[in-house]
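J.: Listed below, chain by chain, are the residues.
There are 2 protein chains.
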Amino acid sequence: MVTVALDCMGSDLGPEVTVGGAAKASQWRGAPQMVLVGDEAIVRRLLSVHEHDRDKIRIAHAPRTVGQMDKPREALDAMPDCSILRAAQLVKAGEADVLVSAGNTGAVTLACARTFERLPNVGRCALGAVYPTERRRGEKDDPFSLILDAGLTLEVDGNDLVAFAVMGSAYASRISRNPNPRVALLSNGSEAGKGTRAVVDANRRLQTVEHLNFIGNMEGMDIPKGTADVVVTDGFTGKIVLKMLEGVAETVMRLGRYAGDKSLRYKAGLGLLMPAVKKLRKATDWEQYGGAPILGFDQLCIKAHGRSTERAIGNAIKVATRAARTELLRSIRTGLESLG
Amino acid sequence: MVTVALDCMGSDLGPEVTVGGAAKASQWRGAPQMVLVGDEAIVRRLLSVHEHDRDKIRIAHAPRTVGQMDKPREALDAMPDCSILRAAQLVKAGEADVLVSAGNTGAVTLACARTFERLPNVGRCALGAVYPTERRRGEKDDPFSLILDAGLTLEVDGNDLVAFAVMGSAYASRISRNPNPRVALLSNGSEAGKGTRAVVDANRRLQTVEHLNFIGNMEGMDIPKGTADVVVTDGFTGKIVLKMLEGVAETVMRLGRYAGDKSLRYKAGLGLLMPAVKKLRKATDWEQYGGAPILGFDQLCIKAHGRSTERAIGNAIKVATRAARTELLRSIRTGLESLG
Chain A
1 MVTVALDCMG SDLGPEVTVG GAAKASQWRG APQMVLVGDE AIVRRLLSVH
51 EHDRDKIRIA HAPRTVGQMD KPREALDAMP DCSILRAAQL VKAGEADVLV
101 SAGNTGAVTL ACARTFERLP NVGRCALGAV YPTERRRGEK DDPFSLILDA
151 GLTLEVDGND LVAFAVMGSA YASRISRNPN PRVALLSNGS EAGKGTRAVV
201 DANRRLQTVE HLNFIGNMEG MDIPKGTADV VVTDGFTGKI VLKMLEGVAE
251 TVMRLGRYAG DKSLRYKAGL GLLMPAVKKL RKATDWEQYG GAPILGFDQL
301 CIKAHGRSTE RAIGNAIKVA TRAARTELLR SIRTGLESLG
Chain B
1001 MVTVALDCMG SDLGPEVTVG GAAKASQWRG APQMVLVGDE AIVRRLLSVH
1051 EHDRDKIRIA HAPRTVGQMD KPREALDAMP DCSILRAAQL VKAGEADVLV
1101 SAGNTGAVTL ACARTFERLP NVGRCALGAV YPTERRRGEK DDPFSLILDA
1151 GLTLEVDGND LVAFAVMGSA YASRISRNPN PRVALLSNGS EAGKGTRAVV
1201 DANRRLQTVE HLNFIGNMEG MDIPKGTADV VVTDGFTGKI VLKMLEGVAE
1251 TVMRLGRYAG DKSLRYKAGL GLLMPAVKKL RKATDWEQYG GAPILGFDQL
1301 CIKAHGRSTE RAIGNAIKVA TRAARTELLR SIRTGLESLG
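Which chain is which? The protein sequence lines are A and B, in order.
Here our numbering is used: the first residue of the first sequence is 1, the next is one more, and so on.
Here our numbering is used: the first residue of the second sequence is 1001, the next is one more, and so on.
In case anyone wonders, no lab produced these hints; they're calculated from the structure.
Treat the hints with caution; some may be incorrect.
To be verified - Covered by chain B, according to a simulated footprint, are these stretches of chain A (three or more residues, beta-carbon under 8 angstroms):
1) 146 to 158
2) 232 to 238
What the hints assert, rightly or not - Each computed EDC-like pair below joins lysine to aspartate or glutamate, with the alpha-carbon atoms no more than 20 angstroms apart:
3) A:71 to A:12
4) A:225 to A:246
5) B:1071 to A:191
6) A:194 to B:1070
7) B:1194 to A:70
8) A:71 to B:1191
9) B:1194 to A:155
10) B:1243 to A:191
11) B:1024 to B:1040
12) B:1243 to A:134
13) B:1225 to B:1246
Cβ coordinates follow ideal geometry from the N, Cα and C atoms, glycine included.
Work out the full structure, taking the sequences as your base and the hints as a guide.
T.: Here is the structure:
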C-alpha cells in the first residue's frame, strides 16, 4: 500500500483546498494512504466538514508554515517544525513513500535537499513539467510531452543534461505509460554539433546510453509539434519556453491585432473558433496538470502548483501514487547507475 | 552618398536573385551606390538582362564562392579571393560603407571577424533579428521587436548582454525610428534577482546605463506581446525562441488537432480566419525581413537570409543604406564608450 505525505499548508488557496482535495481522493477506488501534515487543529476542523474515508487519512502535526513569499533558506532555518520539512522527514523515515506539496517552490526544493540524498550521477535536480502537443502518444493516447528542467537548475553542464534525460525518460515511461519515450535535447540546431558546450557534450554521451530512445537535438519549432516525448534543457530555457507556450492561446485570441486584420470576417471566424481556443488555453495551462516531479533525490516529491484547486491537488496525489506504485525511483536509480 | 558592398555569390538561390535585387534597387529614388562583388563574367551577364541604373552599380571581381554547406574556417583559408572576403575588404578600405550578404552565416561572420575590428567594450558579437508582436511602435507604427542575439554567440557573460542591450537600442532607434526603445533582458522571472549569473549581472549594470530605456527582466509570455522593443538574450535562447515563433502560425493552423476539436464549426471558423493566419505566417517568417544586422564590429554587416528573394535582397539593401545614412555605427560606438 502506498502512503502519500501531503503538506497541507503554504499553498496560495490555503489548507481548505489541500485538505478538501485529500478528502475527495480518500474516497477513490484504490486510494492511497495519506498523511496530512499541518496544524493539527486546523486540519482536523477542515476534515470534519469534508466527507472522507477515515481509514485512509491520518494527521501529522506541524505547527508552522512557510509562506509563498518567504525566503526559503531563512524560513527553513527559522522554522524546523514547519509542515514542508515535517512532511519530507516522514518520507525520509519511511512513514510515507512520496511527498506532495503546493507550497513555495524554493522552500519545497530546499526541504528536499536538506532531508533527502541525491541519486548517483546527479549533480543538480530538475523539475519536470508537462505541456500539450499536437501528437498523441502512449497507452492513454495523451497529448503531453515532458520538459525538464522547468526552472530549478538555471545553468547546467553535460552531466546534468544526461541525468535529466535518463530521469525524464523513466518518468515518461512510468507516468505517461509510454514504454519507449523519444528523448531529445533542445538546441539551436538539429545537428549533433549544434548547441552550447553542455548540449554538445550531452548529445555525444546520450548516443551511447542503453535503454534510452535518444533522437538527438530538436529545435524550437519541434516543441509544439511534440517531436519528442521528453524535452531536455536547462531550467532557464525551459522556463522561458513554458511561459511562451502559456501565451499561445492569448496570441490566438489576439491574432487580429497581430495580423492587422480587424475585419468582420475575422471576428466571425474567431467566434466560431472560440470553444477550441478555450480548450487550448486550458490545455496550455501546464501548471494545472497534476503537479510537477522534482527529480534527482533518493525520494520522490510532486510539486503541485501554488494556486492548485481541489482537483489539481487530487491529480497530484494521483501522479504521486502512480509513481510510487510503479517503482519510478528504482527505475530512475537503475538508469542513473548504468551511466557508470 | 552611401555605398553598399553586395556579396552576390553564395546565396541559396544564386547570383540571379542577388543581382536582380540590386538591379531593381538601383532604380529607386535615393538609391545608394552599389558594388556587386562576385565573378565578373557572371555578374556582367546577369546585369545585361536586368534593367538597372548604370550610374549606381559597379562590379568588383572575386573569382571564388563559399557555399552554404562549406565549413567557414576551411573555406576562407582555402579561398582568400572569395566574394565575401573581398566584399568585407572593400568596406574595410573605405570603398564601401556597409556590407550585405546572403551567404553562409558562419562564413560571413568569420569574414567580418578576420577583416574588421571589434568595437570597444564588445567581447562577442550579436546577430539581431526582428519579429512581429501585438504592439505598434515608432514613427512608422510598425509591429516589430528586435531580438539579439539570434544565434551567433551561444554562451554569454554579463558584459556581452550589456553590450547587446546598448547596440540593440541604437539599432532600434535608427532603423525602426523608435527614439526611446524599451530594452529588456529575457529571463525566467521578471524580478531583478531572477536569471542566470550573466542575466543577474547584466540587470544590475544596465540599471545605471545612461540614455538607455532599460525596463528590467521580461518573461516568455512578454515575447509575442511586444512588452519590449529590444529583447536581449544569449544566442542559444534567442534562436530557440525565434524558431518557436516561426511555428506559431503552424500551430494555429493545426489548432484543431491541438485542442482535439474536429467539429464542422471549428473548420468553418478556421476557413474564415485563413487570410489573417496567412498574414501571420508571413509576418512571423522573420528571416524574410530585410536582413539581420551583425553588431559588434567597427563596420556594419547586414546578413540577408540564405533563401532571400529579389525583394528580400532589396530590403536588406534598404536597411543597410538607412544604417549608413543615420550613422548607426557612430551611435553604437558612443553608447559602448560611455560604458567606461
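J.: With reference to the structure, classify each hint as holding or not holding.
T.: Evaluation of the provided hints:
1. Here's how the segment 146 to 158 of chain A fares: 3 of its residues keep a CB closer than 8 angstroms to some CB of chain B, so the rule of at least three is met and the hint holds.
2. Residues of the segment 232 to 238 of chain A with a Cβ under 8 angstroms from some Cβ of chain B number 3, which satisfies the need for three, so the listed coverage holds.
3. Restraint check for residue 71 of chain A and residue 12 of chain A: the C-alpha separation of about 16 angstroms stays at or below 20 angstroms, so the hint holds.
4. Among the hinted pairs, residue 225 of chain A with residue 246 of chain A is consistent with the structure: their alpha-carbon atoms are about 15 angstroms apart, no more than 20 angstroms.
5. Under the criterion of a C-alpha separation no larger than 20 angstroms, the hint pairing residue 1071 of chain B with residue 191 of chain A is consistent with the structure, at around 14 angstroms.
6. Proximity of residue 194 of chain A to residue 1070 of chain B is assessed by CA-CA distance (about 16 angstroms); at most 20 angstroms being required, the pair is judged to hold.
7. Proximity of residue 1194 of chain B to residue 70 of chain A is assessed by CA-CA distance (about 16 angstroms); at most 20 angstroms being required, the pair is judged to hold.
8. With a CA separation close to 14 angstroms, the supplied pair residue 71 of chain A and residue 1191 of chain B stays within the 20 angstroms bound.
9. For the given pair, residue 1194 of chain B sits about 12 angstroms from residue 155 of chain A by alpha-carbon distance, which is consistent with the 20 angstroms threshold.
10. A C-alpha spacing of about 15 angstroms is found between residue 1243 of chain B and residue 191 of chain A, which places the hinted pair at or below 20 angstroms, so the restraint holds.
11. With a CA separation close to 19 angstroms, the supplied pair residue 1024 of chain B and residue 1040 of chain B stays within the 20 angstroms bound.
12. Between residue 1243 of chain B and residue 134 of chain A the alpha-carbon distance is near 17 angstroms, which keeps this suggested pair within the 20 angstroms criterion.
13. As the CA atoms of residue 1225 of chain B and residue 1246 of chain B are separated by approximately 15 angstroms, the hinted pair is consistent with the 20 angstroms bound.
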